[in-house]
Amino acid sequence: MGRAMTARARKTAPGTAPLIAVSLGIFLADRLSKWAVIDLIDLPRLGRMEVIDPFLNFAMAWNEGINFGIAFADPATMRWVLITLAIVISIALVIWALRRRAVPVSIGCGLVIGGALGNAWDRVQYGAVADFLNMSCCGIANPYAFNIADVAIFAGAALLAWKA
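The opening position of the sequence shown corresponds to residue 823 in my numbering, with each subsequent residue numbered one higher.
It is worth saying that the hints were derived from the structure and are not from the lab.
Hints may contain errors.
Here are the simulated lysine to any residue pairs, SDA-like style, with alpha carbons at most 25 Å apart [said to hold, decoys possible]:
| id | residue 1 | residue 2 |
| --- | --- | --- |
| 1 | Lys-985 | Ile-911 |
| 2 | Lys-985 | Ala-914 |
| 3 | Lys-985 | Asp-972 |
| 4 | Lys-985 | Arg-923 |
| 5 | Lys-985 | Ala-843 |
| 6 | Lys-985 | Val-973 |
| 7 | Lys-985 | Ala-924 |
| 8 | Lys-985 | Val-925 |
| 9 | Lys-985 | Ile-842 |
| 10 | Lys-985 | Gly-847 |
| 11 | Lys-985 | Pro-926 |
| 12 | Lys-985 | Pro-836 |
| 13 | Lys-985 | Pro-840 |
| 14 | Lys-985 | Ile-913 |
| 15 | Lys-985 | Arg-922 |
| 16 | Lys-985 | Val-916 |
| 17 | Lys-985 | Ile-909 |
| 18 | Lys-985 | Leu-907 |
| 19 | Lys-985 | Val-910 |
| 20 | Lys-985 | Leu-920 |
| 21 | Lys-985 | Ile-917 |
| 22 | Lys-985 | Ala-839 |
| 23 | Lys-985 | Thr-838 |
| 24 | Lys-985 | Ala-835 |
| 25 | Lys-985 | Ser-912 |
| 26 | Lys-985 | Trp-918 |
Computed spacing ranges between beta-carbons, pair by pair [claimed, not checked]:
| id | residue 1 | residue 2 | range |
| --- | --- | --- | --- |
| 27 | Leu-850 | Leu-878 | 19 to 25 Å |
| 28 | Tyr-966 | Trp-918 | 25 to 31 Å |
| 29 | Thr-838 | Val-973 | 20 to 26 Å |
Where is the CB? At the ideal position from N, CA and C, for every residue including glycine.
Go ahead and model the full structure; you've got the sequences and the hints to work with.
In structure tokens:
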């Protein structure tokens, strides 16, 4: 009985590998995209760049607040509140995913965690989240920009709402 318990205890919980892989993959994709746009293309200097006009453009935006630039009175304090919130939510999602032991939940949590930590990294490094993707269509000019981390957070939340 002791040997079986040891083997079972060593076995990784279902969903652990997807949780780690998706979180890390999204975080790295987000960091790589922001490095390319900020450092290689120098979008902060250019401001805007047509990629597939009018559907996809790069439009540099620095978001000090939450979604769509919703800000608060004290951006310096809000910066650290949002960094702390991203870390706390990420830890809670790791715990929840490991307890649920379901691959779809782990993937959804991994998407949210990777995106949240990618945006938190921006707040530490730049003081604001680097947004640069802008999509418009059909004569409607969208004034907002987003990034890969934002897409991952949205997709992860949608997956969790559907599967959790």
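**Message:** Flag every earlier hint the structure violates by its number, smallest first.
**Reply:** none
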